[in-house]
Amino acid sequence: MPEKPRQSAHMKKLKVCVATCNRADYSKLAPIMLGIKSEPDAFDLRVAVMGSHLIDDYGYTFRAIEQDGFAVDAKLHTIVRGEDEAAMAESVGLSLVKLPDLLQRLRPDVLIVHGDRFDALALAIAAAIMNVRILHLEGGEVSGAIDDSIRHAVSKLAHYHACCTDTAKRRLVAMCEDPSRILMAGCPSYDKLLLARDRDDYADTIKRHLGSEVQTRGYIVALQHPVTTDIPNSVKLYGLMLDALLSFNKKTLLLYPNVDAGSKDMVRLIREKGIERHANFKVVKHVLFDDFVQLVSRAGCVIGNSSCGVREAGAFGTPVVNLGTRQTGRETGQNVLHLKNADTHGEIYSALERQFGKNYACSTVYGDGRAVERILGFLRSIDLDEPPRKSFCFPPAARDTHSSQDMDPILERRSALAVDLGGTNLRVAIVSNDGTIVSKCTRPNPEKYEDRIQLILVLCKEALEEADRLKCKILGVGVSTGGLVDHQKGVVLHSTELIPDWSPVDLRTLVSKELHLPVWVDNDGNCAALAERTYGHGKGVESFVSIVTGTGIGGGVVQRNQLVRGSAHCAGELGHVNVSLLDDGPECTCGGRGCVEAYASGMALQREAERLKVGGTEPLNADHLIRAAKQGNPNAVAVLDKASRALGTCIVNIVHIVNPSVVILSGVLASHYQGPVQRFVNQRARCSSTKVLTSDLDEPALLGAASMVFGAQSTGSVETH
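1 is the number of the first residue of the sequence shown in this note's numbering; add one for each residue after it.
Please keep in mind that the hints were generated in silico from the structure rather than gathered at the bench.
Fair warning: there could be bad hints in the mix.
Unchecked claim - Straight-line Cα separation of at most 27 angstroms, DSS-like style, residue types lysine-lysine; simulated pairs:
id: 1; residue 1: Lys250; residue 2: Lys207
id: 2; residue 1: Lys489; residue 2: Lys448
id: 3; residue 1: Lys37; residue 2: Lys15
id: 4; residue 1: Lys461; residue 2: Lys471
id: 5; residue 1: Lys613; residue 2: Lys539
id: 6; residue 1: Lys340; residue 2: Lys192
id: 7; residue 1: Lys273; residue 2: Lys192
id: 8; residue 1: Lys358; residue 2: Lys251
id: 9; residue 1: Lys156; residue 2: Lys250
id: 10; residue 1: Lys285; residue 2: Lys192
id: 11; residue 1: Lys15; residue 2: Lys75
id: 12; residue 1: Lys156; residue 2: Lys207
id: 13; residue 1: Lys264; residue 2: Lys340
id: 14; residue 1: Lys15; residue 2: Lys156
id: 15; residue 1: Lys37; residue 2: Lys75
id: 16; residue 1: Lys251; residue 2: Lys264
id: 17; residue 1: Lys285; residue 2: Lys250
id: 18; residue 1: Lys630; residue 2: Lys691
id: 19; residue 1: Lys461; residue 2: Lys473
id: 20; residue 1: Lys473; residue 2: Lys440
id: 21; residue 1: Lys236; residue 2: Lys207
id: 22; residue 1: Lys264; residue 2: Lys98
id: 23; residue 1: Lys513; residue 2: Lys461
id: 24; residue 1: Lys207; residue 2: Lys75
id: 25; residue 1: Lys13; residue 2: Lys75
id: 26; residue 1: Lys471; residue 2: Lys448
id: 27; residue 1: Lys390; residue 2: Lys358
id: 28; residue 1: Lys440; residue 2: Lys390
id: 29; residue 1: Lys471; residue 2: Lys489
id: 30; residue 1: Lys340; residue 2: Lys358
id: 31; residue 1: Lys358; residue 2: Lys207
id: 32; residue 1: Lys440; residue 2: Lys358
id: 33; residue 1: Lys12; residue 2: Lys471
id: 34; residue 1: Lys358; residue 2: Lys13
id: 35; residue 1: Lys513; residue 2: Lys539
id: 36; residue 1: Lys251; residue 2: Lys285
id: 37; residue 1: Lys156; residue 2: Lys539
id: 38; residue 1: Lys251; residue 2: Lys340
id: 39; residue 1: Lys250; residue 2: Lys236
id: 40; residue 1: Lys75; residue 2: Lys98
Between the sequences and the hints, there should be enough to build the whole structure, so can you do that?
In structure tokens, the structure reads:
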């Protein structure tokens with residue numbers, strides 16, 4: 001939802017109520033509360049504390065909120081003791097009895113609710129019925145047990161959403177939530193977590209909690225909660241974990257489980273096994289968040305089934321052993337080892353052996369440290385003149401009213417036809433929605449328009465026949481092509497010299513009319529960027545640039561997870577960024593001089609290879625030039641150095657204009673350019689934190705073409721003709 005100033009009638013402070021129910025949700029809500037508190041002219045913060053915060057057995061964590069400097073406006077005792085399923089349901093009922101009075105007294109404009117706990121469900125029900133706007137944090141995620149049902153129910157009651165990953169956002173859209181009311185913010189706790197990586201007082205924190213003899217990476221943090229849909233098995237797994245930790249013989253910080261049904265049986269196991277008296281264990285009800293993240297960041301391993309293992313620990317690259325099914329479906333970094341069905345403590349012991357003390361790269365799957373900034377902007381954009389009405393965006397009804405009685409749709413793979421029209425080759429592939437290229441056909445790109453159209457249609461029809469044999473359900477056709485493209489109309493407005501006689505061309509109408517399928521068309525650079533956003537290094541990254549280094553040079557710019565297209569479809573024409581003086585440099589295919597494509601493309605390197613005669617009698621290309629440089633040819637080395645500096649200059653200009661966190665190089669020359677360009681950016685860019693990566697995708701243009709089809713399907717967008 002774009003940020004806009006509220007009308008003069010509502011220039012008053014936005015009254016925001018934050019309701020926190022337990023230590024876990026407070027870790028996500030506290031950074032937002034601090035942000036709201038820091039802007040007293042814009043916001044009026046109200047804090048409600050309820051749930052296990054007010055129970056001594058769970059650390060009476062309410063005190064931590066006061067210690068953080070927040071004035072608490074209401075305390076609601078809402079937990080019915082018993083730690084079983086009936087007590088959880090009764091707690092929801094007790095909350096619903098008490099919450100209406102709270103909401104009438106505080107009268108917030110917006111209530112912020114976090115996550116998937118039964119307390120959150122009660123908050124959402126009461127607020128929705130009383131016409132209080134709800135901002136739900138972390139909707140659209142998938143974990144396990146009853147949490148998924150509660151989380152999705154809260155999402156359906158909420159008016160606004162701040163989610164953590166692009167996948168979560170797509171799920172909310174698939175649940176018919178209004179895309180304009182969904183913010184891809186990242187996880188608020190990451191705003192503090194990423195700062196904690198650089199703190200140097202961790203030794204004092206470790207000593208205070210675990211003793212002076214314990215060293216960094218020499219201890220374990222254990223935190224496991226009940227799985228409410230399978231309490232007996234989760235209690236059994238808890239016992240196996242305790243046995244494995246006893247055998248592993250490392251200092252362990254063990255936190256008590258949460259208040260869910262089954263927790264009293266877990267606590268009983270702690271006492272039966274003498275864990276509280278064991279020299280290797282420190283058993284606690286609660287650890288302050290700042291201390292907790294320091295302990296997790298320096299641990300040799302985190303074990304259990306808490307979301308902090310699959311989420312927060314990834315920010316530090318801390319090894320994790322995730323037990324059971326409570327977090328099934330969560331997106332994770334490479335630091336997490338999943339052990340779903342352990343039957344013996346030996347299996348858990350082996351997992352600990354495999355993970356303990358390993359070093360993993362830090363993951364930003366759940367955030368980049370700017371979530372609070374985005375959420376505050378989102379709050380400021382809420383128009384109080386609009387009634388607090390829930391809106392849904394249903395996909396259009398299917399136009400085909402016929403249904404098959406003999407086809408089992410479960411057996412079909414949701415797939416797309418992907419067409420890549422390059423300067424040299426024409427390729428058509430069947431791509432499944434998980435990014436697998438099921439089948440691919442490559443032919444030389446015909447020079448004449450009629451031959452080219454005919455070949456596209458022939459290859460697509462052959463692919464459709466093959467899709468039937470492979471049980472792939474084709475949802476549509478995505479076309480990646482060189483040149484300037486009006487993606488909304490599916491028309492190639494102007495092509496490059498590499499694809500002659502190709503403008504203007506209404507590809508959508510031509511292909512759709514023949515194949516009877518919806519068709520999406522975009523520039524090949526944009527398609528490569530879409531592929532990276534969906535399947536590659538750009539997944540979960542809010543701001544990045546993709547540059548294709550092939551026969552020519554193209555690219556795509558992604559800001560706020562959306563492609564930047566410009567006013568006349570010209571954004572992303574990165575190959576024509578000028579890296580020389582206005583009238584200097586070699587001539588480019590666009591007719592200008594000094595474009596980066598004229599220095600660093602495969603075509604430019606082929607021209608230099610022919611000029612220097614670096615190969616034999618066979619037709620020369622960029623590979624011959626690179627090979628000659630590796631063999632020490634000084635002229636070839638000079639040409640490649642100049643090409644790298646030209647591409648580096650282009651990227652430095654891009655960094656200074658849009659400040660992406662990542663630049664992703666793809667194409668045949670990407671691996672050659674990555675190192676020199678990264679060094680150039682580090683030396684020349686003011687924002688030197690930008691990383692230059694080489695794409696891991698084999699076919700970014702084809703995957704990007706297919707992703708247009710899958711993205712349109714997930715948002716309910718249909719191309720009509």
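Quick rundown of the hints versus the structure:
1. Lys250 x Lys207: Satisfied, since the Cα-Cα distance of roughly 15 angstroms is no more than 27 angstroms.
2. Lys489 x Lys448: holds, 23 angstroms
3. Lys37 x Lys15: It holds: about 11 angstroms lies between the C-alpha atoms, which stays within 27 angstroms.
4. Lys461 x Lys471: holds, 15 angstroms
5. Lys613 x Lys539: violated, 42 angstroms
6. Lys340 x Lys192: The hint is violated at about 30 angstroms.
7. Lys273 x Lys192: At roughly 36 angstroms apart (the allowed maximum being 27 angstroms), Lys192 and Lys273 break the hint.
8. Lys358 x Lys251: Between Lys358 and Lys251 the Cα gap is close to 17 angstroms, so the pair holds against 27 angstroms.
9. Lys156 x Lys250: violated, 45 angstroms
10. Lys285 x Lys192: OK: Lys285 and Lys192 at ~22 angstroms, within 27 angstroms.
11. Lys15 x Lys75: holds, 18 angstroms
12. Lys156 x Lys207: violated, 45 angstroms
13. Lys264 x Lys340: Since the Cα atoms of Lys264 and Lys340 sit roughly 22 angstroms apart, the hinted pair holds (cutoff 27 angstroms).
14. Lys15 x Lys156: holds, 23 angstroms
15. Lys37 x Lys75: holds, 19 angstroms
16. Lys251 x Lys264: Satisfied, since the Cα-Cα distance of roughly 24 angstroms is no more than 27 angstroms.
17. Lys285 x Lys250: Measuring from Cα to Cα gives roughly 20 angstroms; hence the hint holds.
18. Lys630 x Lys691: Judged against 27 angstroms, a Cα distance of about 25 angstroms means the pair holds.
19. Lys461 x Lys473: holds, 14 angstroms
20. Lys473 x Lys440: holds, 16 angstroms
21. Lys236 x Lys207: Outside the cut-off at roughly 32 angstroms; violated.
22. Lys264 x Lys98: OK: Lys264 and Lys98 at ~26 angstroms, within 27 angstroms.
23. Lys513 x Lys461: Since the Cα atoms of Lys513 and Lys461 sit roughly 13 angstroms apart, the hinted pair holds (cutoff 27 angstroms).
24. Lys207 x Lys75: violated, 34 angstroms
25. Lys13 x Lys75: holds, 23 angstroms
26. Lys471 x Lys448: Status violated; Cα separation ~34 angstroms.
27. Lys390 x Lys358: violated, 47 angstroms
28. Lys440 x Lys390: violated, 45 angstroms
29. Lys471 x Lys489: Violated, because 30 angstroms separates the two Cα atoms, which is more than 27 angstroms.
30. Lys340 x Lys358: holds, 21 angstroms
31. Lys358 x Lys207: Holds - the C-alpha atoms of Lys207 and Lys358 are around 22 angstroms apart, at most 27 angstroms.
32. Lys440 x Lys358: Judged against 27 angstroms, a Cα distance of about 39 angstroms means the pair is violated.
33. Lys12 x Lys471: Since the Cα atoms of Lys12 and Lys471 sit roughly 59 angstroms apart, the hinted pair is violated (cutoff 27 angstroms).
34. Lys358 x Lys13: With a Cα-Cα distance of about 49 angstroms, the restraint between Lys358 and Lys13 is violated, given a limit of 27 angstroms.
35. Lys513 x Lys539: Measuring from Cα to Cα gives roughly 34 angstroms; hence the hint is violated.
36. Lys251 x Lys285: Roughly 17 angstroms separates the two Cα atoms, so the pair holds.
37. Lys156 x Lys539: holds, 26 angstroms
38. Lys251 x Lys340: With Cα atoms ~24 angstroms apart, Lys251 and Lys340 stay inside 27 angstroms; holds.
39. Lys250 x Lys236: holds, 22 angstroms
40. Lys75 x Lys98: Cα-Cα ~10 angstroms, so holds.
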